[in-house]
Amino acid sequence: MNVPIREAIYAANDEVASRVHTQLSSRGIFTVNILGSPGAGKTSLIIRIAEVLKSVESSKKLAVIEGDIASDIDTQTLLSLGIPAYQINTGGDCHLNAPMIEAVLSRMPIADRSWLFIENIGNLICPADFTIGEDLKIVVASVAEGSDKPYKYPLVFSVSAACALSKIDLAEAVGFQEAYFRSGYASAASAAPLFPLNAKTGAGVPQLVDWLIGTAKGLGL
Amino acid sequence: MHEAGVAEALVRIVTSEAARHLNEQGQVPKIRQISIVLSESGGFMRESLELYVSVFAKGTAAEKACLNLRYEPTRMSCAACGRDFVRKRFSFDCPVCGKPGTMVRATADFYIESIELEDFPTEARTTGASA
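Heads up: the sequence lines are chains A and B, in that order.
With the first letter of the first sequence counted as 1, position 12 gets the number 12 in this note's numbering; the numbers rise by one all the way through.
In this note's numbering, each number is its position in the second sequence, counted from 1, plus 221.
Which bits of chain A does chain B cover? Going by a derived footprint, with three or more residues having C-beta under 8 Å, they are:
#1 5-15
#2 85-96
#3 117-131
#4 148-161
Simulated from the structure, these hints should not be mistaken for laboratory data.
Please read these numbers as outputs of a predicted model, since none were measured by experiment.
The beta-carbon is built from N, C-alpha and C at its ideal position, and this holds for glycine as well.
Next up, chain A with everything else stripped away, as it sits in the complex:
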């Protein structure tokens, strides 16, 4: 006998993600899920965004949930800079899921009307499949990873609302072919914006923050 089911494999996760999103947005919290390879510069970018946000909208607070397989290195760095941060160690899981975020929210104080950045596990594959209660995803791709990333991992670029092209200062040294990257990015991500930037010097970060501010306002946050 054939029994129809039509149940999405991610249904249980999506239900929790929806609850998380409702909880956060009802408090005016703008939530961004940061994706990218290990070493792409996700934490460095978050730190720069926090600095720029403080300078342009001093009333806005930024908090971070850090996802890592092991260690709290990034969380300690953020805390040392005065950025509220909470560590999730998945112990081997290659992505964060919505129940992990829901569990953290019950323990982590986050100010209403703040920005919450969730740094996902360094991985261009699995995190793209999961919503975790965010308003949007941003993928961080460094020039050092090569110009072919949108061709090799189209889904992560397709599901992200924007791409931060990091370590742009290294482009020449690593032979980065920006036109080739941009063409692949346009195919995978359609009209989503691309922000070449350097988190070390801060170059390009204000443009990304301006876009984030506009996007958050567009969402009423």
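Got chain A; can you put chain B on it based on the hints?
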């Protein structure tokens, strides 16, 4: 690990469903086949799914189930010539004009369409019984 979490959820869903269709002996019927629809762009390989499903299904009604996977292709649109097309592996280019297309829909869709159960009264037997 990606496939492991998905396989675990998959086994949980199909065994729960099978448990709602007890056979004439009041037993949970064995699952013969699990039909799944998934996005080509989701990056799931048949071999990996089969491996992890077999691990999680051990000792359950799904232990002997085979997977029937139907991959949904990635659809693209060409701004240059206006055609919609199905993405070919390794390429974003329009098969007609050769210009790069744009993904219309790249999702991580993955759902269980149906399961086929053993030890369930067949239609013929049901018909025969009522005749």
